[in-house]
Amino acid sequence: MASNRGTAEKHNDHSLSLRHKQLTDARRLLARDLLYLSLEKKKHKKKQPVQSPHSYFMDVKCPHCYKITPVFSHAQMVVTCVVGCSTVLCQPTGGKVRLTEGCSSFRRKQH
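Residue numbers (my numbering): 220 to 330.
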């Protein structure tokens, strides 16, 4: 009986140490993957370690009347100055908006 008990304890110790080694290797692999992400994983908003959108709001200053207009970074329509001078501030490109020639001052809004 004593010999059976000893082999069972050795088997349990061996399986526990093997499981511990597997968990340690998995943690090490996970830590390395999070530190060195590939370009595709960095780029796509759903593949990031913390999911976040690539869009944002920004304040754009009109070059003529110097008034500030809030603009969405991925707007799908032409954005004009709201105050009254009707200057075109941004034009859609299919992705992010493109600021017009004279309109170069903008500030990204904080959440």
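Honestly, the hints are just simulated from the structure, not real lab data. Hints may contain errors.
Within a straight-line C-alpha distance of at most 25 Å, the following computed SDA-like cross-link-like pairs (lysine to any residue) qualify [as the list claims (entries may be wrong)]:
#: 1; residue 1: LYS264; residue 2: GLN241
#: 2; residue 1: LYS280; residue 2: THR243
#: 3; residue 1: LYS286; residue 2: THR243
#: 4; residue 1: LYS266; residue 2: ALA294
#: 5; residue 1: LYS328; residue 2: SER236
#: 6; residue 1: LYS280; residue 2: SER236
Restraint-style ranges between C-beta atoms, simulated for each label pair [said to hold, decoys possible]:
#: 7; residue 1: ARG238; residue 2: ARG326; range: 25 to 31 Å
#: 8; residue 1: HIS263; residue 2: ILE287; range: 46 to 52 Å
#: 9; residue 1: SER305; residue 2: LYS264; range: 30 to 36 Å
#: 10; residue 1: ASP244; residue 2: GLY313; range: 40 to 46 Å
#: 11; residue 1: LYS315; residue 2: HIS283; range: 20 to 26 Å
#: 12; residue 1: GLN329; residue 2: CYS304; range: 54 to 60 Å
Note that beta-carbon positions come from the ideal geometry of N, C-alpha and C, so glycine has one too.
Structure-based check of all given hints:
1. With a C-alpha separation of about 30 Å, the suggested pairing of LYS264 with GLN241 is violated against the 25 Å cut-off.
2. For a cut-off of 25 Å, the pair hint linking LYS280 to THR243 is broken: about 54 Å separates their Cα positions.
3. This hinted pair does not check out: LYS286 and THR243 have alpha carbons roughly 58 Å apart, beyond 25 Å.
4. A hinted pair counts as satisfied when its Cα atoms are at most 25 Å apart, and LYS266 with ALA294 qualifies at roughly 24 Å.
5. Restraint check for LYS328 and SER236: the C-alpha separation of about 52 Å exceeds 25 Å, so the hint is violated.
6. For the suggested pair LYS280 and SER236, the alpha carbons sit about 64 Å apart, so the restraint of at most 25 Å is broken.
7. ARG238 and ARG326 have their C-beta atoms about 53 Å apart, which leaves the hinted 25 to 31 Å range violated.
8. For the pair HIS263 and ILE287, the supplied restraint of 46 to 52 Å is violated, since their beta-carbon distance comes to about 32 Å.
9. Checked against the hint of 30 to 36 Å, the C-beta distance between SER305 and LYS264 comes to roughly 34 Å, which is consistent with it.
10. The hinted window of 40 to 46 Å between ASP244 and GLY313 holds, with their beta carbons roughly 45 Å apart.
11. For the pair LYS315 and HIS283, the supplied restraint of 20 to 26 Å holds, since their beta-carbon distance comes to about 23 Å.
12. A hinted range of 54 to 60 Å is violated for the C-beta pair GLN329 and CYS304, which are about 27 Å apart.
Hints 1, 2, 3, 5, 6, 7, 8, 12, counting from the list given before, are not met by this structure.
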